[in-house]
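Undergrad: For reference, the chains in residue letters:
2 protein chains.
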Amino acid sequence: MQKIIKIGGNVVDNPELLEKFIIDFAAMDGPKILVHGGGVMASQLQKELGRQPVMIEGRRVTDEETLKVVTMVYAGWCSKSIVALLQKHGCNAIGLCGADANLIEATKRPAGRIDYGFVGDVDPSMINAGFLLSLMEQGITPVISAITHDKAGSLLNTNADTIASSVAVAMSHAEAAKTEDGKPYVSLIYCFEKDGVLYDKDDDSSLIREITPASYAALKAEGRVAAGMIPKLDNSFRALDSGVSRVIVKHARNLLNGIGTTLCL
Amino acid sequence: MQKIIKIGGNVVDNPELLEKFIIDFAAMDGPKILVHGGGVMASQLQKELGRQPVMIEGRRVTDEETLKVVTMVYAGWCSKSIVALLQKHGCNAIGLCGADANLIEATKRPAGRIDYGFVGDVDPSMINAGFLLSLMEQGITPVISAITHDKAGSLLNTNADTIASSVAVAMSHAEAAKTEDGKPYVSLIYCFEKDGVLYDKDDDSSLIREITPASYAALKAEGRVAAGMIPKLDNSFRALDSGVSRVIVKHARNLLNGIGTTLCL
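Going line by line, the protein sequences match chains A and B. For the record, in the first sequence the residue sitting at position 87 is 87 according to the working numbering, with numbers rising by one throughout. For the record, in the second sequence the residue sitting at position 186 is 186 according to the working numbering, with numbers rising by one throughout.
Check before you lean on any hint, since a few could be wrong.
[Unchecked claim] Label-pair ranges, simulated between beta-carbon atoms:
hint: 1; chain 1: B; residue 1: ASP63; chain 2: A; residue 2: ASN254; range: 45 to 55 Å
hint: 2; chain 1: B; residue 1: ASN10; chain 2: A; residue 2: ASP63; range: 22 to 32 Å
hint: 3; chain 1: A; residue 1: LYS20; chain 2: B; residue 2: ASP63; range: 24 to 34 Å
[Stated by the list, open to error] Quick list of in silico lysine-lysine cross-link-like pairs, DSS-like style, CA-CA up to 25 Å:
hint: 4; chain 1: B; residue 1: LYS108; chain 2: B; residue 2: LYS151
hint: 5; chain 1: A; residue 1: LYS108; chain 2: A; residue 2: LYS178
hint: 6; chain 1: B; residue 1: LYS151; chain 2: A; residue 2: LYS20
hint: 7; chain 1: A; residue 1: LYS88; chain 2: B; residue 2: LYS151
[Unchecked claim] Derived coverage of chain A by chain B (criterion: at least 3 residues anywhere in the stretch with Cβ under 8 Å from a Cβ of chain B; other residues may be distant):
hint: 8; segment: 75-89
hint: 9; segment: 99-109
hint: 10; segment: 153-163
Keep in mind the hints are simulated off the structure, nothing from the lab. Glycine is no exception: its CB is placed at the ideal position from the N, C-alpha and C atoms.
Go ahead and model the full structure; you've got the sequences and the hints to work with.
TA: In structure tokens form, the structure reads like this:
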């Protein structure tokens, strides 16, 4: 089973939680890929430089100066300090952005109603799965930051959740070609700062263990799913439809135990 | 002939010179590795963040905050924007620091008369030449930033000239094992903002075409070598003694032509 694991900016920005997570991640058997954000730190650096982060519908408007900041933070400090910690704990990691070895060639989002600037959109066909496989065959664990490129010289700020699901789908296709029954075995795991999807968002004990498309529709109809979770879950069901074996949403501290929400078809 | 090419912070910080250099570098045939600095930009970011860069004998004193800045600048913005430009010009590059795939495990410099903080020292035995070769065999060009690690979780700020010569020596040993006559074929090329070593430092037309250990001793005795060049040239002669075929010092704009100073034994 190949595992694609995504951690968000709140985990990356919490040194204790991050090191516990890194130790657990390093201890996991089998091929694995880590995708990380770093948005909390990027906003902080923008403020230290006297600029105000501009977010529209949860996405960062990325002008040239902001592109420099997010590249420095995600592909620089977050990526390399995560890799150094993984190396400390015996995991031979490599920190990559989408420009490296042309790993993810994205499309600059056209300026419509909103001009997000240097923001890239990705889909599974844009992932260089062959290069990721060649690294994993050498025992090297890819750590991917949410910076891509347009192959015309521009870096692009890209949503880390979408990178994680696109990588998972691309790896599913690559793996399916290799297994005897043609079935892929790829899990996509989103780690954040809640135990999973909660029935009552203010009650941590109301964890939903499993969500199917039918129960998801019912939860949405009841207004039980927090607005911020909807893109993540929509995205997850699309990944399942596209060949990913399972998607799990869980707390970063629970990487190695069974606590979390499993999405399945 | 394998080429290890180093560009300094003044080249990285000059967008026109950098893009011309990148186009030339992308056009060069054969296996090649780029090592880059970024010190000018790092000092600028330190100042924008309200801190004063502290340099002693040309080396940056690197406390925790400075380590974060140099990692963001060298391994983040400089590395990834160089890689994106190389991809634009048809060179399949990958940006690496020493923590990535355990490429360069350095030793933290002990605090002596001066405590440089998070500064690492390297030698050729610390370079993971096998990983560089495996990338080059896949047609991927390594771009190395001057950040290493101690394998105990710390990143370390490291001199880019020393990384370049250590990589060149390590690749010489790896290449010598592969050639029929046991001879390595590795060039080390330092690109900076002068045509090479000048006989009169204020006269750009006084370029010295070739320096041997004997002529170098004479130049030093006459006081003809600028103080800043001495560590670079000492380092270069050590690389020649350790198996590198030739060392060339030249202007970044002259990468593809013969103008420069060649050091030979």
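Undergrad: Go through the numbered hints given earlier and state which of them the structure violates, listing their numbers in rising order.
TA: Hints 1, 5 are the ones this structure does not satisfy, whereas the remaining hints hold.
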